[in-house]
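Each chain is listed here by its residues.
2 protein chains.
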Amino acid sequence: MEHKIGLIGCGTVGQGLLQILHEKKDYLRDVHGFEARVVAISDKLKGTLLAPDGIDIPAVLAMLGAGQGLAAYPHAGRGRTEPLDPLDMLERTDAGIIAEMTYTDIKTGEPATGYIKKALRLGKHVVTSNKGPAALHYRELRDLARQNGVQFRIEGTVMSGTPVFHLAEAGLAGNTITEVQGILNGTTNFILSKMETEGMDYGPALALAQKLGYAEADPTADVEGFDALAKVVILSNVLLGGSLKTSDVARQGISAITKADVEAAKAKGLRYKLIGRAKLEGGAVTASVSPRMLPLADPLAGVMGAQNALSLQTDLMGKITIQGAGAGKIETGFAILSDILAVHRG
Amino acid sequence: MEHKIGLIGCGTVGQGLLQILHEKKDYLRDVHGFEARVVAISDKLKGTLLAPDGIDIPAVLAMLGAGQGLAAYPHAGRGRTEPLDPLDMLERTDAGIIAEMTYTDIKTGEPATGYIKKALRLGKHVVTSNKGPAALHYRELRDLARQNGVQFRIEGTVMSGTPVFHLAEAGLAGNTITEVQGILNGTTNFILSKMETEGMDYGPALALAQKLGYAEADPTADVEGFDALAKVVILSNVLLGGSLKTSDVARQGISAITKADVEAAKAKGLRYKLIGRAKLEGGAVTASVSPRMLPLADPLAGVMGAQNALSLQTDLMGKITIQGAGAGKIETGFAILSDILAVHRG
Chain B
103 MEHKIGLIGC
113 GTVGQGLLQI
123 LHEKKDYLRD
133 VHGFEARVVA
143 ISDKLKGTLL
153 APDGIDIPAV
163 LAMLGAGQGL
173 AAYPHAGRGR
183 TEPLDPLDML
193 ERTDAGIIAE
203 MTYTDIKTGE
213 PATGYIKKAL
223 RLGKHVVTSN
233 KGPAALHYRE
243 LRDLARQNGV
253 QFRIEGTVMS
263 GTPVFHLAEA
273 GLAGNTITEV
283 QGILNGTTNF
293 ILSKMETEGM
303 DYGPALALAQ
313 KLGYAEADPT
323 ADVEGFDALA
333 KVVILSNVLL
343 GGSLKTSDVA
353 RQGISAITKA
363 DVEAAKAKGL
373 RYKLIGRAKL
383 EGGAVTASVS
393 PRMLPLADPL
403 AGVMGAQNAL
413 SLQTDLMGKI
423 TIQGAGAGKI
433 ETGFAILSDI
443 LAVHRG
Chain V
103 MEHKIGLIGC
113 GTVGQGLLQI
123 LHEKKDYLRD
133 VHGFEARVVA
143 ISDKLKGTLL
153 APDGIDIPAV
163 LAMLGAGQGL
173 AAYPHAGRGR
183 TEPLDPLDML
193 ERTDAGIIAE
203 MTYTDIKTGE
213 PATGYIKKAL
223 RLGKHVVTSN
233 KGPAALHYRE
243 LRDLARQNGV
253 QFRIEGTVMS
263 GTPVFHLAEA
273 GLAGNTITEV
283 QGILNGTTNF
293 ILSKMETEGM
303 DYGPALALAQ
313 KLGYAEADPT
323 ADVEGFDALA
333 KVVILSNVLL
343 GGSLKTSDVA
353 RQGISAITKA
363 DVEAAKAKGL
373 RYKLIGRAKL
383 EGGAVTASVS
393 PRMLPLADPL
403 AGVMGAQNAL
413 SLQTDLMGKI
423 TIQGAGAGKI
433 ETGFAILSDI
443 LAVHRG
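First to last, the sequence lines map onto chains B and V.
Quick note, the first sequence lines up with residues 103 to 448 if you use my numbering.
Quick note, the second sequence lines up with residues 103 to 448 if you use my numbering.
Bound conformation, chain B alone:
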């Protein structure tokens, strides 16, 4: 079955998705009976491309890779580039699935939330890797999707393509999840790992993370726990049925942890990890982000480097832990694909 797909945002994640759709085209058709026709792309910086017959993915990737905007699209007659806003693009495309991959604004969730609402109201499925709308407006968007008979899917918002929501939805269906606990930020886990395994202090470990591209020039969102906090809010509201706001979650980052702290923990057989935790108790959900000293036997203790992991406490299966990448161009592009394939399966 062929699906018409529209992209809002075509930065790293969008280009990762396009690359996968192109390179795995035959596999997806043969194994999953899935065919994608990308009919629209709208990006704030790169412009808008409408191509009802489907874009030439390699041509678009080459253009974007060369720093050109979508106006450079050379296939006369096959596409139309205009300075359209994503909201206008949504009205002009017959794409049935919209992949929303714009930048996260964790304070307002905009402009992404507006794009998503409009797409859902137009009866289009929406899949997103954007933490803002999921952390701030999950219930509203989920309900809006239901009212319009479409899906709103968010696999890429927490651990990129490591499939926490698919795991809960399919493999663990039937379980009541009572608690989640995870390493939700790869940058801080990289820093803590370097502090322990190579005896580095916090400053040099952060500098190394910045040098390797794991941390931003302003590392606040990672090291002070804001990124993990947004993810804990999403997990709480999706998996535990909570209705938390970001301001409901206690937050402490790792910037005050010293080499001496890490070594003292190690001497006691413990290991520092920045843990996002949410718990359902007596009908109420509480959540926090804070550094914790874990015993080495905890499944999260062995997660080293930039990896992410999540433990789900369930009533029937006890604790289930999943570990994998938490970021990356292809990994997050795959998260979007995995949600599109879920729409495809119906």
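One copy or two, it doesn't matter: identical chains are merged, so the pair holds either way.
Heads up, simulated DSS-like pairs for lysine-lysine below, C-alpha to C-alpha not over 30 Å straight-line: (1) Lys-421 - Lys-313; (2) Lys-209 - Lys-347; (3) Lys-431 - Lys-219; (4) Lys-220 - Lys-106; (5) Lys-127 - Lys-421; (6) Lys-368 - Lys-421; (7) Lys-381 - Lys-127; (8) Lys-421 - Lys-381; (9) Lys-146 - Lys-347; (10) Lys-209 - Lys-313; (11) Lys-361 - Lys-313.
Hints are computed from structural coordinates only; laboratory data are not their basis.
Position chain V relative to chain B; hints supplied.
Positioned in the frame of chain B, the structure of chain V alone reads:
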């Protein structure tokens, strides 16, 4: 939606399933729109019960718990107990889903394979926790299911309810899996863990496992790697598209590993684990079961005690690891339920 379910085999796993269906009845209806009516049970030792209106689950569990057979079922008019063979039961029931939970015979796969074939030919979905049919006849049974427009599902055959097949089928769909590597036997992992963390030698660690009920009086199937081997064959054939026979897999158990071996590994920063591994290379699948010394940074190295875990190497997501229970009455009962819910989702 209500599903009529028939059970073949009503030992530990079957009773675990019945317990879950009863205790989570309201949850399954409210959250998943799923209702189960158990209309038939056939067990070699306990007899056969046909109850088209649905059995009284607590009454049956109480009878079986008291060591009584199904002939003791007291609800006159609601059920009929006869000395029927499971093959006859299949012809007499209108159950649309058959849960096959008889004892594993890894040499022949019988009589379970015969039950499964008959059920599939009658157009009934089959879910099973039995390693025999899955290890010996997976492709044939899968194809037979397809021909009859029904599903053949086997989540419980490898890691009980820890959802390796759901993970591959839903969350990782779109990935090509090139290698799997796992701790697939809880008994041997318990023994190796005790040898390392408490300095026990193999014999006393095995004796402790037997005392705690993790190991059988004849521990051969576990400690010589036969149980893990069957699971590796299933993983190879389901996830990697192989067509291995059990005799194609090199096998070595843990009975020759000494306390000195474990300590020598530990001194080098390594840890012994019994690893089942299967690899797809150049179109061919090869597999083995053997003790390996893993670096502590390997996600499998931290898996201690009777837990199981599996790492899947994929093209888009790199390595994804899932860890959880690998056995248990409720856990394996849940595996069956998870497959029934997959049939319910359609």
